[in-house]
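Enquirer: Taken in sequence, the protein lines are chains A and B. Residue numbering for the first sequence follows the working numbering, beginning at 11 and increasing consecutively. Residue numbering for the second sequence follows the working numbering, beginning at 7 and increasing consecutively.
One or more hints might be untrue.
Here are the simulated PhoX-like pairs of lysine-lysine, each with C-alpha atoms no more than 25 Å apart in a straight line [claimed, not checked]:
{"no.": "1", "chain 1": "B", "residue 1": "Lys50", "chain 2": "A", "residue 2": "Lys359"}
{"no.": "2", "chain 1": "A", "residue 1": "Lys73", "chain 2": "A", "residue 2": "Lys112"}
{"no.": "3", "chain 1": "B", "residue 1": "Lys50", "chain 2": "A", "residue 2": "Lys309"}
{"no.": "4", "chain 1": "B", "residue 1": "Lys45", "chain 2": "A", "residue 2": "Lys320"}
{"no.": "5", "chain 1": "A", "residue 1": "Lys359", "chain 2": "A", "residue 2": "Lys309"}
{"no.": "6", "chain 1": "A", "residue 1": "Lys320", "chain 2": "B", "residue 2": "Lys49"}
{"no.": "7", "chain 1": "A", "residue 1": "Lys59", "chain 2": "A", "residue 2": "Lys73"}
{"no.": "8", "chain 1": "A", "residue 1": "Lys112", "chain 2": "A", "residue 2": "Lys67"}
{"no.": "9", "chain 1": "B", "residue 1": "Lys49", "chain 2": "A", "residue 2": "Lys359"}
{"no.": "10", "chain 1": "A", "residue 1": "Lys320", "chain 2": "B", "residue 2": "Lys50"}
{"no.": "11", "chain 1": "A", "residue 1": "Lys359", "chain 2": "B", "residue 2": "Lys45"}
Where chain B lies over chain A, by a calculated footprint (3+ residues, C-beta under 8 Å) [as the list claims (entries may be wrong)]:
{"no.": "12", "region": "292–306"}
{"no.": "13", "region": "392–399"}
{"no.": "14", "region": "497–510"}
It is worth saying that the hints were derived from the structure and are not from the lab. We treat Cβ as the ideally placed atom computed from N, Cα and C, and that holds for glycine.
Residues per chain, in single letters:
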Amino acid sequence: MNVGSPEYDYPPHGIGVVVFSGDLSALYRQPRGLIEEPWPPVQLTYLGKYLAKLGCKTVVGEKHYIDRDYVDDVALFYSRSLRSYPNHCQRLHFFSETFDEKRWRELVTAKSNRHAAEQLLQGSYLGFSVVRPLPGCPVGRTVLRTFPERTEDGSRREFGAIREYLVHLAGFRLSVMGLAFQQQDRGVSACATTALWSSMHRAAHAEGLAVPTPAHITEAASRYVLREGRSLPSDGLTLDQVCEAIRGAGLAPLVIRGLAPEHARAQLLGYTSSGFAPVLAIQARDSSLGHAVCGVGIKLGEVTPPDDAKFHYRDAATAVRGIYVHDDRLGPYASVDLYPYTAPQGVVKTGLQIRWPGEATPAEDSLLTALIVPVPLKLRLTIARMRSLGIGLADAIGHRIFPELDRLVTLNCRYRIATDYRAAAPGFGLSDEGLYVLTCELVLSRYIGVIELSAPDGALCDILLDATETEANPSVLACVRRRALPADGERKLEALAVNLAARCIL
Amino acid sequence: MSNEPQGTPTTPSRESPAPPLPEQQEVRAALEEARQNVKPLIKKELEGERITAEVLSVRLGQYT
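Just chain B, with the same shape it has in the complex (with noise of 0.2 Å):
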């Protein structure tokens, strides 16, 4: 548990970066939206990097 009292208004410092813009939040919520929608078709697009001991093994030359 923190010490500070609690309800204390705190005054923002000179680094916190500034609130985001109404078109910024709008991008935003965009983004997130599209990241829900694709999200199979990036599990598909990722499932080719998963290299198996079967797959590397596979001898080409074989057959002419």
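Excised from the complex, chain A in its bound form (with noise of 0.2 Å):
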């Protein structure tokens, strides 16, 4: 017997790089007295299929990686479990170049050349994948690149919810752009969990605050609402959980029912195009069990003629064919059509079918509940009262302001930065005096809510409003006058400037 010798010794490092055979299962080990879940699960499934659809040639594994989700999981929950769950993870980096152990040992060992190897790594760099050590759900913090802008069908892709990452590997500088991804542990986060946690990534990070792990946000979620039952090992959230876990991470929480899909559009336009992703908590068509999955982004076709010959606009809302969400069933940017769905009683709802890539057959139906979408406290003015303003001056601009514009003036509304908003500007066809004015004289909050006005040749006039107010009228700070604005549309640019009680940019 030897007692009083625990072991301090350092985990093994090293690196190594295989081929993707397109099959990611095959680096996981399988765990032991697994029964009741298939292997591999879905997401590692899933992940295979993506990594495989972005060109994956080669992967490098990193066997030691402190994973700072993972390391506040094991502090909350699996430190004081009997089996000794290791603190560290292993971590997987994908390559569209193929090469192999002795190629990568060049480009690790190159002095003279080391920009020009990372270079070539940076340009081929997929993204990543943490391998967490959990028996059935290894699949820990996933970044990986998004599809290409243009869909097989010809729509369009737009990741307005995505951000950078910059990734540190064998002294290597890259970085990927995506939105973090994850499987829930059952453990410490549940799907509401991991999916706020995806949105946090987001939002959190651009605001400087800390992004909050799934622990922080399980343990804020329940600190103060617990309608049932224990924290740990979490069995999911409600929504007023959602929205303290929110609250605690320094953010305000915006809550919006689910409608019927023209309403869900724009709601999921307006804030995924603005660099929000929301929460969209969902439901299966036949039960009431709930679930929430992660919006990154949306599928864009054309712009359509309304419906009702009475209105005299377009809705770029329309355009909105479907979006892609992290859904931790099964795997990051997953493609979700939207469909309205006549309830028994016959309202019409939002319902949402969730696809594997490059398949055919949805995988899943559900209906639209409610959207969350974690914002900065200062900003109040929604996307909805945004688009109640924004309606209507479409419809008076199209109508009567310039009739020739009738039915084919688009609306759309949206958040900007007001520095990038100021950076753009030289873009916009203003005068000297104008752009002057717009850069150096007129106060804007930090982020100003834009009701984007345009015609098939391009933008007409931007409204920006000061996004700290509830209200969009009369919260109006400018009308700025766009390439597109028709030779005699200043004048009546100035007239639509003095109703609104704004400044008049030209």
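Starting from the two chains in their separate frames, assemble the complex, guided by the hints.
Expert: As structure tokens, this is what we get:
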């Protein structure tokens, strides 16, 4: 017997290179005793298919990786288990370039041409996935590149809620644009936790706040509101718990009820294209069971003319064909089609069909219950309130102000960061005086609401709103001329600005 | 009732806003007409912001 000699050894480290076969699960060890859940888990199969479509050729694996989110899970939950869960993970990196162990060694040891080696790796870098030592749920923080802008059917993908992640691998500094995804572990986090975690990876980061870990989210969600049972292991969250977790992270929860598809499309377009990733609370069509996914992007087609002849404008939200979501039961950027579903009482709701990449048959049918959007505290003007003003303006412009644009003028509402808007101003077609006023003399809130009015030839004008106000009218800061405004339009824009008590920038 | 003599002509003060130009009046009329036209749309638009206790108590995480 030998007592008093705990293991103080450091875990081993190393980096290996393997050819990507298309089957990611081959790189993972099947846990012993796992008989109720299928192996490999759906998420691994999905990731394999997704990476194959991205053109992945090579996988580089780090044997030892400390993941901030997993370490917090260990501290809160797994450290008190009888089984010795390690505090570290492994991490896999994916590349579209083919290279082997020998070539990798050459790249790492290239002393004089290090920058070229880094450029080569960066050019083919597709992202990474953390491998957690948890039986049955190994997919930890995963950030992958998105699919290209054009879809096979000619639609356009727009991923407004992604961000840059910096990655350090063997002394190389790489980056990937995406949004973090992970599989729920059912210990610390359920689907609502992981959907909210993904969403706050964008919103908290943009605001310079610490991105909460799943452990932080579950703790914050159950601090004051715990309707039933225990907080850990997590059995899911109610919507008010989700709101509490958002407040705990220093952001404000914006809750929007799920209504008909035209309403949902406008909300999803407005928030996602503004860089806010909405959490979608959904329910199975055939039961009251709830689930949560995180919206990351939008699939766009053509804007369509209004169905009703009495309206004189087009709504940009009619171009929304579907959305891309992180669904922790499936994987990142899963394609979702929206459709109208008539409930038994005759109420039209938004139906969602979630698909696997490249597959025509939907994996699941659900209904939208609500959207929860974590937003900065001072962002008070909602997309719905912006649209309430914008709809009237667009209708007036299409009908009487510029009758030549009847049913051609298009309305779009979103938020912009004021500094980004000012930076883009030189391309608006403004006079020198107008550009000077917009960039140097006009006071703007950090986030501005922008009612964009455009014609087939391009943007006509922007109506800028103070997003720290609750009502869109009277919160108009300025009416800004854009390049496609008709020649006689300046006087009309001035008249519009007078009526909105706003400054006119020409 | 005001004690001011009735029918006294008032002179515009220096603070009074200038009368709206015809173009401004036309735009105002267009905005007012559009506001009436789109009223039902705006009502629907804001309906989503009415949150009920039932919505807030929906539990997320029960089906996988």
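Enquirer: Next step is simple, just say for each hint if it's right about the structure.
Expert: Quick rundown of the hints versus the structure:
1. At roughly 13 Å between alpha-carbon atoms, Lys50(B) and Lys359(A) fall within 25 Å of each other, so this suggested pair holds.
2. At roughly 18 Å between alpha-carbon atoms, Lys73(A) and Lys112(A) fall within 25 Å of each other, so this suggested pair holds.
3. With a CA separation close to 24 Å, the supplied pair Lys50(B) and Lys309(A) stays within the 25 Å bound.
4. The hinted pair formed by Lys45(B) and Lys320(A) meets the criterion: a straight-line CA distance of about 12 Å does not exceed 25 Å.
5. Distance hint between Lys359(A) and Lys309(A) is fulfilled; the C-alpha atoms sit about 20 Å from each other, no more than 25 Å.
6. Using a Cα cut-off of 25 Å, the hinted pair Lys320(A) and Lys49(B) holds, with the two alpha carbons roughly 17 Å apart.
7. This hinted pair checks out: Lys59(A) and Lys73(A) have alpha carbons roughly 23 Å apart, not beyond 25 Å.
8. As the CA atoms of Lys112(A) and Lys67(A) are separated by approximately 16 Å, the hinted pair is consistent with the 25 Å bound.
9. Between Lys49(B) and Lys359(A) the alpha-carbon distance is near 17 Å, which keeps this suggested pair within the 25 Å criterion.
10. Our distance criterion of 25 Å between C-alpha atoms is met by Lys320(A) and Lys50(B), whose separation comes to about 17 Å.
11. Of the supplied pair hints, the one linking Lys359(A) and Lys45(B) holds, its CA atoms being roughly 21 Å apart against a limit of 25 Å.
12. With 7 residues having a beta carbon nearer than 8 Å to a beta carbon of chain B, the region 292–306 of chain A meets the requirement of three or more and the stated coverage holds.
13. For a cut-off of 8 Å, the count of residues in the region 392–399 of chain A with a CB near a CB of chain B stands at 5, and the three-residue condition holds.
14. Counting residues of the region 497–510 of chain A whose beta carbon lies closer than 8 Å to any beta carbon of chain B gives 7, which meets the minimum of three for the stated coverage.
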